[in-house]
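*Asks:* This is what each chain is made of:
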Amino acid sequence: MKKIIPVFVLSALILSGCSLPVSKYEAGSENVKTLMAGSFKPVAVGEFKSIPETRNPTSIFIRSMFYTSPYEGGFAEYLEEALRLELMLADKYDSQAEVVVEGVLLKNNLNSVHGTGVIEATFSVVKNGEKLYTRTVLSMTYWPTSFVGAVAITNAGEAYSPMVRSLLKKLYADPAFFKALKGEC
Amino acid sequence: MKVVQVVIASIMTLTLLSGCTTTQLGNKNASNLTNIQELVDSHATKKWVYVELGQPHDVIYDEKEQSSSWIFYCFTSSIRGTAFIPVAGIFTPNVSIDGNKLTIFFDEKGKVKRFETLPIKKSFGIVGAIQATWEAESLERSKRVEEEMIYVGVPYDDLKVHKYMGMEVLTDQR
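Going down the list, the protein sequences come from chains A and B. The numbering of the first sequence is my numbering, which starts it at 16 and goes up by one. The numbering of the second sequence is my numbering, which starts it at 3 and goes up by one.
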């Protein structure tokens, strides 16, 4: 038994602190179709910030692993890239547009014990410095988890992109957001 | 006493692990055949297939026919408890995969022509999986997918390609 304990301690030391990026964002076809149906001109995507706190860590701890953002910066940049990708695929993105969508990431976490995740962000639409729209959107996700670390870690990493997708879906469901994208209050 | 402790611990671990480690891997959308048929009926573009199904796991170009195809894998992977037995677990076929390989064929204009699905059912050991991954590296799959994503004008995810590296070797679909 005395021999086993140092092996466990060593394994824990080797394994802990390893970091892995979550999968890059996969656009949702429903989301892209919703954007395509919107009668607004292409818009730009501005800065996305993150307010660090316990429910919004810079890297998400799953078992003995840390999940990080695959995009330079962090998870706020993940959200920024997700929005940009869906606008781009819907032919509604123009980096030089007057109407700009900005965001602040407030909550962002995954729990592999319960198989739950939460993400919350405030989105704003700005035109020439004037704020046309602000709304905080929250989305929760559930997935089948496992007590086996390898499975729990994989499943948690796979759950991140759908969680962001559902957050954006909620945002797009707001008619006021589309009105603001047209440059109207 | 030590032997008894080890035996009890091994039995407990195996009981806990057996049959409990099934994971859904690959592209879940690739199993929705109604949706895929719609892509064929509407002669969808490569960009739209990307929107509906995401990044393919492989891309094949047929220069003779001037056509191309995108390959997607969708499968469940189960690990038997015996995989966790030291040494013996490495060599015995205790990892099973069960699913489908979807191939979407495009014409010379890059519009969907037809699709094909092939069932995948196979068991292999950890050594086999490592060998397959090693062999698959030489197939330069990531390079092909990256070039295709640049051509279509959509982002490329290297991690997604490497995740299923070796699938074509394991399923004899090279």
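Among the hints, erroneous ones may be present.
Stated by the list, open to error - To list a few chain B residues with every Cβ distance to chain A over 10 Å, as calculated: (1) Gln57; (2) Ser144; (3) Glu149; (4) Pro157.
Said to hold, decoys possible - With a straight-line cut-off of 30 Å between C-alpha atoms, the simulated DSS-like cross-links for lysine-lysine are: (5) B:Lys113 x A:Lys48; (6) A:Lys185 x B:Lys49; (7) B:Lys66 x A:Lys107; (8) A:Lys48 x B:Lys49; (9) A:Lys197 x B:Lys30; (10) B:Lys113 x A:Lys56.
In case anyone wonders, no lab produced these hints; they're calculated from the structure. Glycine residues also receive a C-beta, built at the ideal position from the N, C-alpha and C atoms.
*Asks:* Each hint: holds or not?
*Replies:* Consistency of the hints with the structure:
| no. | hint | in the structure |
| --- | --- | --- |
| 1 | Gln57 | 8 Å, violated |
| 2 | Ser144 | 14 Å, holds |
| 3 | Glu149 | 18 Å, holds |
| 4 | Pro157 | 6 Å, violated |
| 5 | B:Lys113 x A:Lys48 | 19 Å, holds |
| 6 | A:Lys185 x B:Lys49 | 24 Å, holds |
| 7 | B:Lys66 x A:Lys107 | 37 Å, violated |
| 8 | A:Lys48 x B:Lys49 | 13 Å, holds |
| 9 | A:Lys197 x B:Lys30 | 35 Å, violated |
| 10 | B:Lys113 x A:Lys56 | 27 Å, holds |
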